[in-house]
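Please take these sequences and the hints and turn them into a complete structure.
Protein chains in written order, with our numbering: chain A, 1 to 441; chain B, 1 to 358; chain C, 1 to 318.
The hints are simulated quantities; they were obtained by calculation from the structure and are not laboratory data.
There could be a bad hint or two in this list.
To be verified - The calculated DMTMM-like cross-link candidates involving lysine to aspartate or glutamate, where the alpha carbons are at most 20 Å apart (straight line), are: (1) A/Lys351 to B/Glu178; (2) C/Lys74 to A/Asp315; (3) A/Lys400 to C/Asp146; (4) A/Lys167 to A/Glu99; (5) A/Lys431 to B/Glu158; (6) A/Lys177 to A/Glu201; (7) C/Lys313 to B/Asp265; (8) A/Lys431 to B/Glu100; (9) A/Lys351 to B/Asp46; (10) B/Lys93 to A/Glu432; (11) A/Lys95 to B/Glu178; (12) B/Lys150 to C/Glu115; (13) B/Lys93 to B/Glu158; (14) A/Lys400 to C/Glu151; (15) A/Lys95 to B/Asp308; (16) A/Lys423 to B/Glu158; (17) A/Lys230 to C/Glu151; (18) A/Lys194 to B/Asp308; (19) B/Lys129 to C/Glu115; (20) A/Lys351 to A/Asp315; (21) A/Lys230 to C/Glu115; (22) B/Lys150 to A/Glu197; (23) A/Lys431 to B/Asp46; (24) A/Lys423 to A/Asp401; (25) A/Lys95 to A/Glu124; (26) A/Lys351 to A/Glu30.
Here is what each chain is made of, one letter per residue.
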Amino acid sequence: MKFRTMAIAAASAAAMVAGAGFATVAAAYEYTVPNLVYRTGPYAPNGIPLANGFIDYMNMLNERDGGIDGVKVNVIECETGYNTKVSVECYENLKNEGESGALIFNPHSTGVTYALIPKATADEIPILSMGYGRTSAADGTVFPYIFNFPATYWSQASVFVKYVGAKEGGMDNLKGKKIALVYHNSAYGKEPIKTLEVLAEKYGFELMLLPVDHPGQEQKATWLQVRRGKPDWVFMWGWGVMNQVAIKEAAAIRFPMDHFIGVWWSGSENDVAPAGDAADGYLAGTMHAPGRDFGAIKDIITHVYDKGNGGGDLDRVGEVLYNRGMLEAIFTAQAIRNAVKIHGTKEINGKQLRDGLEVLTVTEESLSADGLSNFMKPFKVTCEDHEGAGLIAIQQWNAKDQKWVLVSDWIEPMTDIVRGLVKEDAGAFAKENNITPRSCS
Amino acid sequence: MLYRETGQFKTSYQSDQALFTITQDRFLVGAILAVAVFLIPFGINDYWSKSILLPFLVFALISLGLNILVGYCGQISLGTGGFMAVGAYSCYKIMTSFPELNLIVVIVLAGLCAAGVGVLFGLPSLRIKGFYLAVATLAAQFFLVWMFNKVPWFYNYEMSQITAPPREVFGVLVTSAEASPAAQYLFMLGFVIVFTWIAMNLVRGRVGRSWMAIRDRDIAAELMGVRPLQTKLTAFAVSSFYVGMGGALVFTIWLGTVEVTETFDILQSSFFVLFAIIIGGLGSILGSFLGAAFMTLMPVVLKVLLVDVVGVIPVTAKHIEFILVGSLIIIFLINEPHGMARMWGIAKEKMRLWPFPY
Amino acid sequence: MDFLYELLVQPFADMIFEPLFFIETVVKGLMAGVLYSLVALGFVLIFKASGVFNFAQGTMALFAALTLTGLMEKLDLGMPHWMLVILCLALTVVVMIVLAVVVERFVLRPLVNQELIILFMATLGLSYVLEGVGDLAWGSDVKVLDLGLPEGVWDIGGVFVEQLDVIAAVAAGGMVAVLAVFFSKTRIGRALRAVADDHQAALSVGISLQQIWVIVWSVAGLVALVAGVMWGSKSGVQFSLSLIALKALPVLILGGFTSIPGAIIGGLIIGVGEKVAEVFWYHIHGGAVENWFAYMLALVFLMFRPQGLFGDKIIERV
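Dropping the structure here:
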């Protein structure tokens, strides 16, 4: 009896799976925009605002404008738990979803981005790894479907050095200074090392490398090294629990917070909260402004939250990572508009959206039209340059008012150096994988 | 009725020593193989290949490897992820150093590398037993993952995330994203079939019997003349060989790219495979397959059921999935601690009597 | 040659010529060790009494801390902070006791007399359930745990000591003392020791195994709460807290699965060992060795004493 019920249950489960796999409801044409999110698992605290910003903006477009140019956007979230295997399952499951097929994927993880680069290229679906993923994917001739605008880790590392140079009173004063890099011991954390090494040689500062193993709950030894080595500045490439612990440990050795700069994935409200007042003055890179004083966010509040459709809590709208998720949605929407214009049809597919991404141009006018004046600086994506070399600012945590404030101008990355490194790395990848770089002219 | 052995006489030594002595078994295995080899490749698409069949096959191979160590030789190992990483990274190293080498050879060589490392980390098993050994094998897990992150030689001085370059086997592309799902599936299936066959013969031969002797009572086995040193180390070697090949296949065929910290994470590899063999059945070849199927398919099935059929929002579905997976595991352990292989045995028993159970 | 110099000479020279820094490294190592011991203690309690290698101990710490912060958010109705803290701590203790009862009833009792590895896997299943329930009930955001514990650093002659670490050490010490008294002086404690010695003999003199298990799991729940609070104050309460179990395992094999002093001393050895190795041998390995170094240390140690520092001697009969 027991066996029979189990057999029946298994069979019906299998039948339901099969049925669900093939049952697609025919409806009006929609832009299908999957989003790989992680609202669970070790990185959920960061994944939640990212996902909310994205879905809220798209919902706002659907509510306010009836979608993009009158076509609804259908955001399908797939929960990955920051797991590569599940993400691959999500990708395969969603890539043919809807009439348009998946238009674009946001992997939200360096590991998953790497895993999807060859696949998405073969399937002709663009990947937007906004400010993360593989830096050398900025070379559009080798990675035609991968975009990492507005700026990469390498650009960011160069901006940090420039910022430090400015604070020290000129790039020449960097000579003999010591900069420590505290990084997550993974492909992600190691991204900036090469750039920093090149810059260290050029400007004559000393680079101290301090890896922290995943997950980074325990970093006493790392910060003992900092205490002993007495670096003038500390950069951090951290993620998840590593950020909170690092800030707390830095405070415990009385390292000056305003000489401690985190990558833009180490600079959100989550990261500084557990350290409390001790985190005051901590710096982080950013590609956009924090806060709520933007037309787009006001629209989200009126059209989405006031109607009770918000993805998360209202008081978390405007957090750093929320705004970043929203920015992904804004870029996606603009790319869709571009693609529609280029191809003269509203029914675009992933390949056509790629063309829209490659002419993505952010100007002061387009920003104010999107309700984003002063949110970020203009940049331009081209066929060769998928990074766009956008400007990067430094933001500082103000523990008293519990908010992030921009404290620097928008700084231009050292494009000449970064571009050279990108070309070199992309060339090696092309050679190993027998890719002939396409011509962009 | 359906499954009756009476009247099947073994008239030669050869038939007595066959892998499947019963006609029904032969027929069933033949039918499954026929479907797997001749039918599935025509109906396969990317989703079925990447999300269901490839992970199932590769974890079946890895579970088989771990089952040899845990189920047949009784040495608990939590270092599976580390040995998978050895397979993946040595495979990458060999692939890029000798681009002309056939991928089949490369993967077997990668397995051999893992076997060597496995023997090294198996040495403590001579002194340490039970949970002390289990925790000690975690040293392998953490050390190997750290090493592949740290030593740039292993990833050719690029980023530590390695990507499988395109390779052809018998003129058909099997790695990289352009490879057809059918080719990848058949390549993986070939490995699984051949090495399952080898494992089945291994465990019933002299080597397998000495493993089981050590498992059942190591001191008694030693008194009978089974040498614990060789026996335990061969178990570690063979097991790591399978696990290493599995890691190489994960890297080349299934994912195409590997980030060592994440892909070979302890929870997602070591514990995952241990779950598979315990739920499937310790010391059973069939159990390795059933367990791998259960562990790889259940999350997908639950997700489809909860999200697409019932309509729960994905994040809540994930939480419920966690609870359900955990509860299912506990329920399984309570109801059938000997795993799904035993359930199959009970089912066979029922089929023997059917339709007259009394 | 350089390698040998960096391996064998320089680290020791550094220790001698930078004595203050060496002392600070050792102090920080001891403090980290205390935090490991806190987690390991829970493992030992349960292993001793029920022979279960409870991998869910880390998740229990997460679950307890999540419940505590969640309750503090929900019940923050204007009462004074200290009252809120005490109330929520008490409620969390109740939750952990209920958890112990549930675990005993639905996991341990049906699995009695199973093999150790089956029980171990069942606790892994339990940790999945707890993670799911905790997330579902309290959300997955980072939660700040504010119990009013002192923050900040004491500067003792150039050696920095974190106040929170000192509190953790005091808490751990206090807990061990209480446990020691509990085990040796109370009736239940003696029953616990009897069960740890021999299940069947204990049963035959009328000790209820089920009752003992509930008590042990409750105590382990309390230990988990303390560990969760200490770790959670540092990083915020979040999912990664469940991974602290992995830091406690080498402590466990070093100290022996069945010894409470072993858990403490093992923790201290591991803490100091990994910090000193990470800091003073940095030039050899390039950092981030803490995770595996702890295991290697324990492994090498086990080669000489297979039952751990204070574990029961393994006697084998055929």
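Status of the hints after comparison with the structure:
1. A/Lys351 to B/Glu178: Judged against 20 Å, a Cα distance of about 16 Å means the pair holds.
2. C/Lys74 to A/Asp315: holds (17 Å)
3. A/Lys400 to C/Asp146: Holds: A/Lys400 and C/Asp146 sit about 17 Å apart, inside 20 Å.
4. A/Lys167 to A/Glu99: Roughly 53 Å separates the two Cα atoms, so the pair is violated.
5. A/Lys431 to B/Glu158: holds (13 Å)
6. A/Lys177 to A/Glu201: Holds, at about 12 Å.
7. C/Lys313 to B/Asp265: violated (33 Å)
8. A/Lys431 to B/Glu100: holds (15 Å)
9. A/Lys351 to B/Asp46: holds (18 Å)
10. B/Lys93 to A/Glu432: Answer holds: B/Lys93 to A/Glu432 is near 12 Å, not above 20 Å.
11. A/Lys95 to B/Glu178: Given pair A/Lys95, B/Glu178 holds - Cα atoms ~16 Å apart, limit 20 Å.
12. B/Lys150 to C/Glu115: Not satisfied, since the Cα-Cα distance of roughly 39 Å exceeds 20 Å.
13. B/Lys93 to B/Glu158: holds (12 Å)
14. A/Lys400 to C/Glu151: Distance ~17 Å between A/Lys400 and C/Glu151 Cα, so the pair holds.
15. A/Lys95 to B/Asp308: Status holds; Cα separation ~16 Å.
16. A/Lys423 to B/Glu158: Holds, at about 14 Å.
17. A/Lys230 to C/Glu151: violated (23 Å)
18. A/Lys194 to B/Asp308: violated (45 Å)
19. B/Lys129 to C/Glu115: holds (15 Å)
20. A/Lys351 to A/Asp315: Violated, because 38 Å separates the two Cα atoms, which is more than 20 Å.
21. A/Lys230 to C/Glu115: Cα-Cα ~53 Å, so violated.
22. B/Lys150 to A/Glu197: Cα-Cα ~17 Å, so holds.
23. A/Lys431 to B/Asp46: violated (26 Å)
24. A/Lys423 to A/Asp401: violated (43 Å)
25. A/Lys95 to A/Glu124: holds (10 Å)
26. A/Lys351 to A/Glu30: With a Cα-Cα distance of about 16 Å, the restraint between A/Lys351 and A/Glu30 holds, given a limit of 20 Å.
Consistency note: the structure conflicts with the earlier hints numbered 4, 7, 12, 17, 18, 20, 21, 23 and 24.
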